[in-house]
Amino acid sequence: MSRDDYEVVIGLEVHAELSTKTKIFCSCKTEFGGEPNTHCCPVCMAMPGALPVLNEKVLEYAVKAGLAMNSSISRDSKNDRKNYFYPDLPKSYQISQFDKPLCEHGYVEIEVHDGEKKKIGITRIHIEEDAGKLNHDDYGRCSLVDLNRAGVPLIEIVSEPDMRSVEEADIYLKKIKSILEYIEVSDCKMQEGSLRADVNISVRKRGQKEFGTRTEMKNMNSFKSISRALEYEIERQISVVENGGVIEQETLRWDEVSGKTFSMRDKEDAQDYRYFPEPDLAPIRLSEEYIENIRKNLPELPETRKQRYLNEYKLTEKEANTLTASKYLSDFFEKGVKISKNPKAICNWLLSDIARILNEKEFEPEDIPFTPEDLAELIGLIEKGTISSKIAKDVLEEMFENPKRPSKIIEEKGWVQISDENAIREIVLKIIGENPQSVSDFKNGKDKALGFLVGQAMKETKGKANPQMLNKMFQELM
Amino acid sequence: MDITELTVHELKERLDKCEITSEEITKAYLERIDEKEPDIDAFVTRLDQDAIKRAKEIDLSKKENKKLGEYAGIPIGIKDNMCTKGIKTTCSSRMLENFISPYDGTVVDKVLNQENMINLGKLNMDEFAMGSSTENSYFKKTRNPWDLSRVPGGSSGGSAAAVAANMVPWALGSDTGGSIRQPASLCGVVGLKPTYGLVSRYGLVAFASSLDQIGPITKDVKDSAILLSLIAGHDEKDTTSIDIPKKDYTLDLKNNVKGLRIGVSKEFFGDGINQEVKDALQQAIEKYKELGAIVEDTSLDIAEYALATYYIIACAEASSNLGRFDGIRYGYRTKNYETLKDIFINSRSEGFGAEVKRRIILGTYVLSSGYYDAYYKKAQQVRTLVKNEFAKNLEKYDILLTPTSPITAFRFGEKSENPLEMYLSDICTVSVNVAGLPGISIPCGLDKNGMPIGMQLIGNYFQEGTILNAAYTYEMNTHFRENYKPTFKGGNN
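First to last, the protein sequences are chains F and L. Take the first sequence: its letter number 407 is residue 406 in numbering that gives the first Met the number 0, and every next letter is one higher. Take the second sequence: its letter number 20 is residue 19 in numbering that gives the first Met the number 0, and every next letter is one higher.
Some hints here could point you the wrong way.
[Said to hold, decoys possible] Restricting the straight-line Cα-Cα distance to at most 16 Å, the calculated cross-link-like pairs of lysine to aspartate or glutamate (EDC-like) are:
(1) L:Lys277 to L:Asp296
(2) F:Lys223 to F:Asp197
(3) L:Lys11 to L:Glu30
(4) L:Lys257 to L:Asp278
(5) L:Lys376 to F:Asp98
(6) L:Lys236 to F:Glu55
(7) L:Lys340 to F:Asp87
(8) L:Lys26 to L:Asp49
(9) L:Lys61 to L:Glu22
[Claimed, not checked] Listing some non-contacts, in silico: residues in chain L with all C-beta distances to chain F over 10 Å:
(10) Glu69
(11) His233
(12) Glu303
(13) Ile327
(14) Ser367
In case anyone wonders, no lab produced these hints; they're calculated from the structure. Computed from a predicted model, the values in this text were never measured in an experiment. Using N, Cα and C, we set each Cβ at its ideal position, and we do this for glycine too.
This is chain F alone, in the form it adopts within the complex (with noise of 0.2 Å):
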C-alpha cells in the first residue's frame, strides 16, 4: 500500500503566552529577556507561605480568545493544580485548568488550498501559568534556574482532531496565530516561545472508523519544524504499520538537526497529575454582563476585515487573504493607504518587492524597518515624477539597509529623476549625435529603434532621466 491509503487525523494543543503587562498570579512583569531572576517575587518563586491572586486581564484576554473563536464561555469555572515535580516548576504544581475550562466548543474557519473553507473543531480553551526555563550550560556541568518567565498567563488552545494534513495543520496554526494577533491578547512571537504547540497525529486506513495510536510531539515552536516534524511521523507511523509493527502511544522529541523524532520517557514514568480543585483560589464565575461586554468591543477579525478590503479597496481575494493573514502587515497597509489614498499601489509594493526581500532576508512582517508613512511618500514620490519606478525599488531596498526617509535617501544619493525639459534635450541631443545608425533606423519606420535611444540615455543618466519626457523628446527632436 502507498502513502495514498493512510489517511491522517492530527490534533494541535496550542500554547498562547498572554501579553498581559503582568503575571498571571502576582504583579512581577512578563518581559521577556532581562537577568535571570529579576522578574520574580516571593509569589512566583514558590517561597513558602506565598499566595497566588488571579490577574483579571487574564480572564479577559482568554475570554476575547474564546469568543473569538466560536466558543461558549463558561459561567463557572475554577483553576485546578496540576503536580509534577520539574526544577523550572517551583511550586511542584502547574496552576491550570482540568475539567471546568473557562471556554469550549468552539470552532474556527480556515481555507484549504482550493478555496474551499473548513471547520476544525476547538474542544477547550483554559489559562494556566507558563513554567520557569532551564538554562543548560555549555559544559554540561550543570542546569541553571531562571524562573523570569514563571507564571507568565497562557491558554492552551485544543483542537479536536480534525485536520487532515499537514498543510491543514499548517493553516489552522497560522490562523490561529492571527486571530490572537488581531485580538491582542498575545504577541505570538514563536521564536521568542510565546507561541508553541504540542501535536497529536495518527495514520488510519482509508475508510477505517477508528483513529489509528496516536504519538505527540511536545512544544514545537516554529511553523518548518512542525510541518518537518508531522511530514516524517507519518512516514513513520506508516512504515511501522505498513511492517506489520504497532504505534505506541507515546510523547516524541523532534530533533531538529537529525530531522527525526525520538521516544522522550519510558512507559514506567508515566505521569499521574493528580488534578485537584486549587485551594488557594476562589471559583471564577463570569456575569452574562461581562461575556458581552467584551464580545460587544470585539476587534475586526481577519475574515470581517478581508471582506472589507474586497469591497472597499477592490483587491483580489488572493490579495486580500495575503495581506490579512497577518495583522501587523495589515495594519500596516492601513495606515500607509490613509496617507498615500492608492491602495492597489500599497499592496503591490507589500506582496511583490517587500514580500521578496522580507523573504530573502527570512523576516516577519514586524521586521519592516521603516514606517507605513515611509512605504507612502515612496509611492507619492512616483506618483508627482520625482522619481521613477526603477529607482524606487533601488530606494526600497535602501531603506531596508539603512533606514531613512525615502526623500532623504534620494536627495543623498542624487537619484532624483531628472525631468528638466533643458536638460532632457541635452542628454537626447547628445545621443542623436552619437548613434547616427539608429536614428536613420527609426526614420526608416524601425519603432525598435527608439527603445534603444531611449536606453542609451537611461544608461548615459544612470536610469534618472524622466523616461516618458525622454521619449516625447526624441520623437520631436527626430
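Chain L: place on chain F using the hints.
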C-alpha cells in the same frame, strides 16, 4: 509585682500610664525565658538581643511622640511556620533548618511592623504543623508547664507552653485541625481558631490551604479578643480572606450570657471521651445554666465522619503544598545525588520527618487516578454534609459546647508510636475546621493529675464575638487563672 504574670491588657494599662517601659517588660520576659526555657524548650529561635534593642527604640519613639501601634512595645511569640523577614522560619523541620524568609507574612507584618510589638522568638511546633503533641519537631521536645513529663499538645505546642509558662505574654498559633485549641486546652490557656477567611494566610507556610487559620493563644479571653482584632481583616494577597469590616472584638465581651442558646451534642460526650473531661464539662454546663444560658442536648451525627474527611482533605492538600520543598531553590538539599531524580527523592526523604512523609504519601494516594473519586471526591461531598449539619444546629443554637480534647495532656511517647491514636486526639476539633467555623478553647478545670481540661465553644461563621463573650462570661465567673497555676513538676524524661 511579677510583670510576666500580667495579661496583655493589664500590661497595656501600665504602659499607657507610663508606670512601666517596654524595656522593663521585655527584660522581665527574657529573664523568665532564661529561667524556664531549660524546662520547657518552647523556642526554636530566640531573639533576645533584637528584642531589647527594639524595646529601647520603641520607648524612645514613645517619648518623641512618634506614631506607633496601639500595642507597641508589647512582646509576642510567633509559631515557627509564619514567615518573618530576615529571621529563620523552620516549621520545626530539617527541611527548613536554615531557611530565612525574604518577606514578612501579612499577620507578622501587622503585629511587628504596624503594631510595633516585640518579637521574642519563633516557637516550636510539630513539623509543618502535623501532629498533636509537638513531638514531631525536628529540633526539640517542648514540655508541658503543668507536668514536664507530659506533652504540651500540638501542633502549636511551643506557643501554648510559652504562654502557659509566662515566657511570652501572648503568641500566634495556627490551627488546621485543632492545632491552636488542643495545645491551649492541654496547657490551660485560651486558644481561638477564627472562621476560615477571617485572618490572612499570606506568609503562613501552608499545610492544608482550605483548613489553615492563624489565631491567638493568650492568657485570658480579653487578650484573645484584642489579638484577634489586630490580626483579622481582608488581605488582597490572600483571595480566600473575606472582605468584611474590621471590628473590635473586646466590645463583644459583655459578661452576660442570659438567653444565650447553647447546644451540647451527645456525639462529643461518648465513649472515647475521658470521664474526668466529661465531668468538668458537665460542671461548666451547670455554670452556664446558672448564668442564665439555655442549654439543650442536640445531635451532630455526621461528626463521626469528620475525622476521616479531615485526614483525606488535609493530607491531599499537604501532599501538593509540600511539593515546593524539592531541594532546588531553598531548604535542605541532599549531598547524596547523581541525577535530578536523586535530588528530589533524597532531599525529601532526608529533609522530612516520618509523620510528614506519612501524610504526603496518604495525600498522594487519595489524589491518584483511580482513587480520587473514592477518597478525595467523597471527602469533599462529606465536607458539604458536615457544613450542612453544623448550619442546621447553628440555626437553633448560638454556640455549640464540646470538650476540646478527649483527654488531658499525655506523656511523651504515649501516643507517638501509634499514629491513628494520635489522630483520634483531634476528634473534637477537626470538624470545626472541616466546616470552616470559629472555635475557642478555654480552661474549665483540672483532672486528678492536676492537668488542665479544655472546653470548646463553636460559633457560626464570623460570630467570633459570640463565642468570645460566652468564654469571657465563663472566665469572669469561674477564675481558673486565679485559682490554678502551672507547677513545672516532674521533668525526668
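**Asked** Which numbered hints are broken by the structure, listed smallest first?
**Response** 3, 4, 13, 14
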